[in-house]
Amino acid sequence: MPLGSLSPDLVGVSRRVSLQRGFLILCALVVLLLFEAVVPLGASSSPNTTSGKHGSNRTKKPFPVLSFDYSHVRMPFEISLWVLLASLMKLGFHLIPRLSSIVPESCLLIVVGLLVGGLMRVVGEDPPVLDSNLFFLCLLPPIILDAGYFLPMRPFSENLGTILMFAVVGTLWNSFFMGGLLYGVCQIQGTNLSEVTLLPCLLFGAIISAVDPVAVLAVFEEIHINELLHILVFGESLLNDAVTVVLYHLFEEYAGIGSVTVLDVFLGVVSFLVVALGGVLVGAFYGILSAFTSRFTSHTRVIEPLFVFVYSYMAYLSAEVFHLSGIMALIACGAVMRPYVEANISHKSHTTIKYFLKMWSSVSETLIFIFLGVSTVAGPHSWNWTFVTVTIVLCLVSRVLGVVGLTYVINKFRIVKLTTKDQFIVAYGGLRGAIAFSLGYLLDAQEFPMRTMFVTAIITVIFFTVFVQGMTIRPLVDLLAVKKKQETKRSINEEIHTQFLDHLLTGIEDICGHYGHHHWKDKLNRFNKKYVKKCLIAGERSKEPQLIAFYHKMEMKQAIELVESGGGVKLPSAVPSTVSMQNIQPKKPLPDRAIPKISKGREEEIRKILRNNLQKTRQRLRSYNRHTLVADPYEDGWNELLIKRQKLMQMEKKMSNYLTVPAAPPDSPTLSRARLASDPQAYSSKPASGDLPTIKVDLASPQSPDSMNLVDEFQKTAALQKDDDDGGLVMKVPPEDKEEEQKGEQDSKKEQQQRLMRCLSDPGPGGDDEDEPFLP
Amino acid sequence: MGSRASTLLREEEIEEIKKETGFSHSQITRLYSRFTSLDKGENGTLSREDFQRIPELAINPLGDRIINAFFPEGEDQVNFRGFMRTLAHFRPIEDNEKNKDPSGTEPLNSRNNKLLFAFRLYDLDRDDKISRDELLQVLRMMVGVNISDEQLGSIADRTIQEADQNGDNSISFSEFIKVLEKVDVEQKMSIRFLH
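In the order they appear, the protein sequences are chains A and B. Mapping of the first sequence onto this note's numbering: residues 1 to 776, in sequence order. Mapping of the second sequence onto this note's numbering: residues 1001 to 1195, in sequence order.
For the record, the hints were derived by calculation from the structure and aren't laboratory data. Mixed in with the good hints there might be a few duds.
[Claimed, not checked] Listed next, the in silico EDC-like pairs over lysine to aspartate or glutamate satisfying Cα-Cα at most 16 Å (straight line):
#1 Lys521(A) <-> Glu1056(B)
#2 Lys412(A) <-> Glu1094(B)
#3 Lys523(A) <-> Asp502(A)
All figures in this text were calculated on a predicted structure; none of them were measured in a lab.
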């Protein structure tokens, strides 16, 4: 894009130059950081005598104004440095445009790790090795949780059979094929490998054959392949954890003893079922707990994301306690709790969860790859040409054979068959990664004298798959013209028609007497709607049909987009119809979460008003409380308040002498907005939350508590609680500011309110019929 | 074909059905046994009550429409041929059929015919358009009674607005096809009839 009179070349060049300069500065910064890290590592070897005990022979020294005491912050300091390094590297890669499109990020990070490790070697420090505990307990869970929480359930469940086949049968085939052939090779004379017996070989096969979710995610994220292939490879990498765990433990147990009996094999099979199903059950249990907890968080929105994270992590740890598959537990937990939690939590919490998960998983991934590089430099290596090359070759061969063979069987049962292109991508996408490395590293050196050789081979395979396969998969995908992911969002048409087809297919299946995929899915949905949703989702949302929820989400997104793009302000022409839609609920109380439909012009106008007034209210904020959220116009309560405003205007027109109908005070939208900020389901009566540490700021509101009751009554809640609006919110926005344009009406309002307060004690006609809509 | 009193399926019939619908021999016999089990009156045809006796169909929101789809225009009984003809729409598309010569008649389970079947379920008055009212009816059936008319109306309006290209405020068959081009209809509208 030419800037004025500059020619495009000059612009491009100057941009390149500034980018390169930026990157150089970044590099310098990184080097500085490294030295800063390395130097204290040396300094800390000398114990630091800190502020002392009062010894009798202490001499009086001048009071130290500035002292250097590194050892007591050493651990967190180093961790932070590593994380900072990882993040800066990630930043740096994306500043260089060409590089990130050719080389996948994982490769670059491993290279960085190698460099850092080399640097540390040069300086004389011992580079740290990727501690397996650290890896399995800290670095892996965020990535898996991110994957599990955002797992697209529909394609996953549709292809579950295929995925399980690849994960279970494929991994078993890989491990035994590789283990067996490696053993055969080791027995060949002349390779001086004969001390490697069968069981260690099988163990090695088990470790190396598992497709790694971290590596797959890292690479597949960038190539935007179509959903089916993505879910196949990715699902396989997640579900093969159970197989890997069982095989690993089985072979590790018996490798020392040296023989495996039939009973052991049988126990192994049983163990597999226990590990897999147990992991899923543990995860589902914690998922349900989390969903249940989120039902009650409407007053403490700030800690909602915490529940999601902590319950999931507990699921993972609990599964690890029993040596069940922690990955499957985490996936099950995320997948089970997601629909219910999302129905319960606020919009902000949803965003928080999403971004925290993405952030943590991104940092984890980066750290893992960097540490892989560093560990390569660090660890003791024992290179054996035969072993390594045979391993690599066998990896490729067994993967290809496994995929082809399994696809042949699977295609008999699939409606949409897997083509050769698909098979190739599935085979080629079987990357190995850090899990294999950590498992190898965990091996006991005593029992497995060939451990270093194993570790070297594992690292080589990882490097090979990540570098060679990772780098070439993108051009191959383009070359083979594999279908890419479709970027467009789901339209309402697709949603409606898909549901329609679901019902249709279920019906046809029932007519045929065929209990297929649709039949069971329908049964599950029915069970879900009837029992589970009632328990786990708070309030009226439990009855919201999926279609409506989808539509609501879509409208919200569109409204937000409209604001961000600065949509034009149009005067509304259809106010009555949109308002009446909310009021006329045949024979039903107003749902707590009124689903809005406002014409866009109306939205815009109201947004504009909110924006203007919000600026003023911020200045008037007197106090601040850490525990509650500040009202925000984009919080999900604003659409309710818009409806309420319209209702108000309508009512004002119609009730000049209708005394018994309470005139909601003009600032009620603000107050309810303020309230709604902490509770979008404001229409339900809120229990007085006296234990909530809030500071009430009453900014000269002309409204007495009595008038708050009007609002409640107006909202048709059964329980009128005087202290209703005190719960949950700090800031009472001054009404005068907001309703400047309704100043004139306020006087008449006050009169009506006084009349109304008299009326409250004396119910007039129609005052007891809460359900009656105000509009005729 | 008129209704037949015989309950046995003859070889020629099987051959004819095979040619017309593409089902295999074993699938036809299996579905025939299902047909006879549904046919309580034992007269070789199914009536609407026979279908309604299927319990799961009663709770299906589209149950009535699906049943109606089996019965040709104006009739109250469907024989086995008609039964199979309707079910043929849901046969998975096989690879070798994809490359069949276009000069022959389109098989019943082609993508076009599948979509046409679904379209006809929306379009009750057979005017080749899904009007707003027809869409509202379907939405109402799928969504239940809790949602207000106006809300459904706005959803219907939005749906038509998205799909409508020629501005006639209704969805024609070609617009319907276009909207569903991203949906994998071949997979979604296929049942894996066991061999």
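Each hint tested on the structure:
Distance check on the hinted pair: Lys521(A) and Glu1056(B) sit about 13 Å apart at the alpha-carbon level, within 16 Å; holds. For the given pair, Lys412(A) sits about 11 Å from Glu1094(B) by alpha-carbon distance, which is consistent with the 16 Å threshold. Restraint check for Lys523(A) and Asp502(A): satisfied, since their Cα atoms lie roughly 12 Å apart, inside the 16 Å limit.
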